[in-house]
Every structure is written in C-alpha cells, then in structure tokens.
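Here's the letter readout for the chains.
Number of protein chains: 2
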Amino acid sequence: MQIFVETHFKPSFKLLLRDAVNTTDKLVFKDELTGEAEELKALSEAEIILGNPKPAQKLLQATRLKWIQLASTGFEIYTGIKIPALATNLKDFYAVPCAETMIAGIMSLYRGMDRFSLLKEKQQWLGVSLREDLRLLTHKNVIILGAGSIGKQTAKLLTGFDCTIRFFARTSPEAGLRNARQLEGALPQADLVIGCLPGTPETKGLFTRKMITLMKPDALFCNVGRGNLLEDESALVDALMNEKIGGAVLDVTMQEPLPADHALWKCPNTIISQHTGGGYIDERKEMIRFFLKNLRAFKEGKPMENLIHLETGY
Amino acid sequence: MQIFVETHFKPSFKLLLRDAVNTTDKLVFKDELTGEAEELKALSEAEIILGNPKPAQKLLQATRLKWIQLASTGFEIYTGIKIPALATNLKDFYAVPCAETMIAGIMSLYRGMDRFSLLKEKQQWLGVSLREDLRLLTHKNVIILGAGSIGKQTAKLLTGFDCTIRFFARTSPEAGLRNARQLEGALPQADLVIGCLPGTPETKGLFTRKMITLMKPDALFCNVGRGNLLEDESALVDALMNEKIGGAVLDVTMQEPLPADHALWKCPNTIISQHTGGGYIDERKEMIRFFLKNLRAFKEGKPMENLIHLETGY
Chain A
6 MQIFVETHFK
16 PSFKLLLRDA
26 VNTTDKLVFK
36 DELTGEAEEL
46 KALSEAEIIL
56 GNPKPAQKLL
66 QATRLKWIQL
76 ASTGFEIYTG
86 IKIPALATNL
96 KDFYAVPCAE
106 TMIAGIMSLY
116 RGMDRFSLLK
126 EKQQWLGVSL
136 REDLRLLTHK
146 NVIILGAGSI
156 GKQTAKLLTG
166 FDCTIRFFAR
176 TSPEAGLRNA
186 RQLEGALPQA
196 DLVIGCLPGT
206 PETKGLFTRK
216 MITLMKPDAL
226 FCNVGRGNLL
236 EDESALVDAL
246 MNEKIGGAVL
256 DVTMQEPLPA
266 DHALWKCPNT
276 IISQHTGGGY
286 IDERKEMIRF
296 FLKNLRAFKE
306 GKPMENLIHL
316 ETGY
Chain B
6 MQIFVETHFK
16 PSFKLLLRDA
26 VNTTDKLVFK
36 DELTGEAEEL
46 KALSEAEIIL
56 GNPKPAQKLL
66 QATRLKWIQL
76 ASTGFEIYTG
86 IKIPALATNL
96 KDFYAVPCAE
106 TMIAGIMSLY
116 RGMDRFSLLK
126 EKQQWLGVSL
136 REDLRLLTHK
146 NVIILGAGSI
156 GKQTAKLLTG
166 FDCTIRFFAR
176 TSPEAGLRNA
186 RQLEGALPQA
196 DLVIGCLPGT
206 PETKGLFTRK
216 MITLMKPDAL
226 FCNVGRGNLL
236 EDESALVDAL
246 MNEKIGGAVL
256 DVTMQEPLPA
266 DHALWKCPNT
276 IISQHTGGGY
286 IDERKEMIRF
296 FLKNLRAFKE
306 GKPMENLIHL
316 ETGY
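Top to bottom, those sequences are chains A and B. To get this note's numbering, take the position in the first sequence, counting from 1, and add 5. To get this note's numbering, take the position in the second sequence, counting from 1, and add 5.
The shape of chain A in the complex, shown without the other chains (with noise of 0.2 Å):
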C-alpha cells in the first residue's frame, strides 16, 4: 500500500518505519519531495496518510485514502472535510506531558524557577529577599476546564498536593462545575484555573472576559487546550499588566507563533511554554509505534484505536 508520511521524522525514526512496514507498502515521505506539485501527486497516490496535511483542503486531494492517522489529539482544522476513508487520532496521547507542563509551569511560577533562570544568566546571587515573593502549591483550590484525559491527568499530578480540585465540564458525572453560571461563581475562591479544553465550536470562548475580572488578585489563569478558550485574550493581556491576577501559564495562545512584538511577552509572571505542552524526548518514537499498532489493525481488519468522525470534530 502507499502510504503518505506527512509528519516530519529524523531519519533514524522514518528507518524504523521502514524497517517495520512489508516490502509491498510504499512509503513516501512528504519531506523528501520538491514542490507542490509532487506532494500533491503523493496524496492523489495515497491509500494511507500519516499526519496532518495543511491547508485542510488538501485531503480533498487524496482520492484514493483509505484512512489517515493524524498526528495530534485535535482535529477541528478539518470540521467539515468530508472523505470516504477511516481516520484516528492520538487521543489521550499527549495527557501526560500537556499535565506535565501546566503543573511544571504553576511551580515555575510558585517556587520562582523564572526569576532562578535570569538570575543565573546574570550571575546574580538575592537569596533571602527572594523567599517571601514564594508560594506553594500545596492545599491549592483548584478549577480544572475539561474533564478529558488531560484535565484527569493533571488531577492525578496534583494527588500529593492535598489540592481541592473541581472540574468544570458539561456532561462528566466527575464535574461538580456544570455550566457558565457555576463557573462565575467558582472563581473568585479559586487559586488555580487550568484549561484543559479541546478546540471545538463549544469551547470557543468560553471563558469570557466578565470569568477574568471574577478571578482573586493572586490566581493563576492556566491553558493547555486552545488559545481561543479566551473570549478576549487582550482582556487576560491587561488583567497581567495590572496585576489583577496572579500570574499566567500558557502552552497556547490566539497567534501561534506569538510574534516578537506581542504584548503576551511583556505580561509579568507568565510562562510561554510556546506550545510544546505535548513534546517529550520519545514523541517520535512512540507516535510510530501506535502508527504501527494500527497499520497491523487496518490490515488485519481487526478494531482500530481512537477512530473519529473527521467531518464532524468528533
């Protein structure tokens, strides 16, 4: 079969794809051809696609899929794409590292990891006048949005911290937050709001301008999800500025790349984490293995993992 290899791979990794798939399967790697008009004879060849062609219009092209595995757990780009082929996600793949880097960025934050990085940068010893700038993050009140993997990850991060967590979600019997209005009256208690969101018509947002100005003067606004989780992400912009909140943590953002000239990067206590919430040294390594995993299913005609409905965001 011809499979199309959309996703970028270092050429140890795409050995190990070709070392694994049958001599009968073709693979083509998006990265080795030149020009448009070659990647699009590619996807017009392709029975089978591994990960996430751009614009999301150039599916349209491959006629002959069968099924595409994407390379990510979100797949909004391609609402309303309709293709007769099976598609996949990677689902809860990235729940630990996305958990990983909020609880890695509100401790930043809290034991002053940010100020540690410039002060070593400068050889610049403050010690003792530093300490009383510290939080800790133990017997925090927590608001996680979303009650998915990531949202139920990062819960499981914060058991050692005798946290009270509630989850705001709109159906999940774990949810004790249900709606915008419980939400409102949520926050002003809460130390922590960490959005754990997938980027749907329904989350767009969600959290509104009036949920910033409702969160206490030290609180941290936290985002794993989607930038546009913000009504209005200059109304966060401002409410940094003029230390109306505590602090922020950010994986996403409205823009990505955030351009140098964004007024995010001169917010006080806020971490970019430029969208790496997902990324870990053996990303590669085992995106392909659950690749392999399915490709064996798909042959096999035996149930594959994390089947979406690609058209409807499902």
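Derived from the structure by calculation, the hints contain no laboratory data. Check before you lean on any hint, since a few could be wrong.
The list treats identical chains as one, so a pair stands whether inside a single copy or across any two.
What the hints assert, rightly or not - Below, a list of computed lysine-lysine pairs in the BS3-like style, where the Cα atoms sit at most 30 Å apart:
| hint | residue 1 | residue 2 |
| --- | --- | --- |
| 1 | Lys63 | Lys157 |
| 2 | Lys298 | Lys46 |
| 3 | Lys145 | Lys19 |
| 4 | Lys96 | Lys145 |
| 5 | Lys271 | Lys127 |
| 6 | Lys145 | Lys161 |
| 7 | Lys145 | Lys215 |
| 8 | Lys298 | Lys145 |
| 9 | Lys304 | Lys35 |
| 10 | Lys290 | Lys249 |
| 11 | Lys71 | Lys157 |
| 12 | Lys290 | Lys221 |
| 13 | Lys221 | Lys161 |
| 14 | Lys145 | Lys157 |
| 15 | Lys35 | Lys19 |
| 16 | Lys15 | Lys209 |
| 17 | Lys87 | Lys209 |
| 18 | Lys15 | Lys249 |
| 19 | Lys71 | Lys307 |
| 20 | Lys298 | Lys19 |
| 21 | Lys304 | Lys59 |
| 22 | Lys221 | Lys271 |
With the hints as your guide, set chain B onto chain A.
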C-alpha cells in the same frame, strides 16, 4: 520576660508579636539596635531568644537565657556550644516548601521552563523544535537521600507521577538503601538523586566523587539539604560542564551567597534556587505563630514542640 528577637521581621509582623506577648514581656529587636555593644548587652539580658545569633559563640553571651527558639531546622553551627537553656528548632516547618522547590526545579528542567523564561525575555518563539528536548517526570526512578520530613514530603508530592522511589538512610525503616555500597549499586539506574539530608558530621562529603561518576548521562543531581553533602563540588561542576550527567537542581551550595564568578553559574541544565527552598509568602507569619505557641507552653511549664540538644547537633 526579656525576649531578644534576632530574626528580621517586617513592621506588621513585629506588631503581631507585640500584640501577642504579655505587657510584662519586653521585646528587643536586633534590627532596631545600633552597634555590637547594644546587641551584646541585649543578649546578656535575654531570657528568651527568637532566631539564630551568628557567629554561634555570641550565644555564650546570653548568660540569663532560659530558652532559644531557632528560626531554622538545621543547627549544626551550634555544635559544641554548651548553654544551660532549652532549645527548640523548626523541624518539619520547611518540609513542604523545600520539597516543592525540588519538584519545581526538576519539572522546570524536564519541561523546559528554564529555557522558556530566557526566550520570553528575548520575545523569541522556537516552538516545535524545543519539543524533543523535553522529558517527563512520570515513571522516573528516584533516589531520595534522607528519610526525614523533607525527604518524605518529596516522596508524597511524587504520588501522582508513578515514580519508583527508594530512600537512602542509615536507620530509617523506610530506607531501602542503608550504606554507601548499596547507594552506589542503585545509582546507575536512577534518573533523579534528591538530597534531603541535614548537615551533620555523618552527611558531610557523603555524596562522593565516585557516586557522581556512577550516575546516568541524563540523570539529575538535586540538593535541598546542605551544600557540603558533596565530597567535591568541583566534580559536580565538571560532570555538568561535560554533560556526564543530565543536570542539577541546587538549593544549597558550598559557598553561600554564590560568588558572581563561581563556576556553577555557567553550568548548563542547572537550576540555582539560592537557598530559598524553605521560603514562602506566609513563612514569617507561620514562624511567629509557632513561636507564640511554644512561648505559651514554656510559660505554663507544658511540653514544648521540637525540643533539641543544641550542643550535640540532634
């Protein structure tokens, strides 16, 4: 009674102390005295001391002393100082903040927070290319040196991360590693070594040059106990500079403050938290609360908390 307050407190906290003691108690704050002579006079009149007079010999001036409440957990500087007074320390007081600083430092290195801080200063987005340098704390193999309150709290914070944890301690029933030979045997498998040992003659130089060489190339050496845990700090610098180990999280160092030209500032993948590990926003307030509780017990002849033998260091 005359109470000499060695520890520096903000005016609001001094007020808290003044309001809490009896009208017959006289509070003398060291930072309100001018000159050594006034200080020595106040010490000679003190029946109670709050804080840690330095150098240790100064304590011998306090001939009327009945009780000293130290503002620290460690008190090795007073070893050999014989005074006919009660002594109490802050024992478990710093367990939560110190353990949090260790986890914050480790996660900062694993999840790239130290790099994000520097990139934010430069307003520079690197994004995807950073992902494969990131690592996960989940499932790591951890050795905790010391099974006291900080070591145990560190293990507690790791609960949600599914780590394998072994304690090194001579006598604690929790400790799987009891002597240098057993520790050396375990080091080649460890991802993290976290020093949580107090400063005693037995712990000085306990972590040897050889032990550093036994660590994995991606392992982190972390220390929130005492800088002299290392037999040879320059061997650690060498290991870091030549990337023989993965990095370090150092709350304590041999020299404090670390001089501006010290080699540790230049070590890659290293967090220097400037002996702030025990610090947090409510540290002073909680310290006063603890002192007042012990003061009441002292006056009423009831059992006091955290009694220690100053002279012997235990």
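Comparing the hints with the structure gives:
1. Lys63 - Lys157: Neither: 34 Å inside a chain and 55 Å across chains, both beyond 30 Å.
2. Lys298 - Lys46: So Lys298 and Lys46 pass the 30 Å test inside one copy only (27 Å; across, 79 Å).
3. Lys145 - Lys19: between (45 Å within a copy, 28 Å between copies)
4. Lys96 - Lys145: both (29 Å within a copy, 23 Å between copies)
5. Lys271 - Lys127: both (19 Å within a copy, 10 Å between copies)
6. Lys145 - Lys161: both (14 Å within a copy, 16 Å between copies)
7. Lys145 - Lys215: Intra 22 Å, inter 41 Å, cutoff 30 Å: intra-copy only.
8. Lys298 - Lys145: between (41 Å within a copy, 25 Å between copies)
9. Lys304 - Lys35: Within one copy only: 23 Å inside, 80 Å across.
10. Lys290 - Lys249: between (43 Å within a copy, 24 Å between copies)
11. Lys71 - Lys157: neither (33 Å within a copy, 53 Å between copies)
12. Lys290 - Lys221: Result: close only across copies, 21 Å inter versus 42 Å intra.
13. Lys221 - Lys161: both (24 Å within a copy, 28 Å between copies)
14. Lys145 - Lys157: both (17 Å within a copy, 20 Å between copies)
15. Lys35 - Lys19: within (12 Å within a copy, 69 Å between copies)
16. Lys15 - Lys209: neither (35 Å within a copy, 46 Å between copies)
17. Lys87 - Lys209: Result: close within a single copy only, 22 Å intra versus 68 Å inter.
18. Lys15 - Lys249: The answer is between: 25 Å across copies meets 30 Å, while 45 Å in one copy does not.
19. Lys71 - Lys307: within (15 Å within a copy, 80 Å between copies)
20. Lys298 - Lys19: within (16 Å within a copy, 66 Å between copies)
21. Lys304 - Lys59: within (26 Å within a copy, 75 Å between copies)
22. Lys221 - Lys271: within (21 Å within a copy, 38 Å between copies)
Of the numbered hints stated above, those contradicted by the structure are hints 1, 11 and 16, listed in ascending order.
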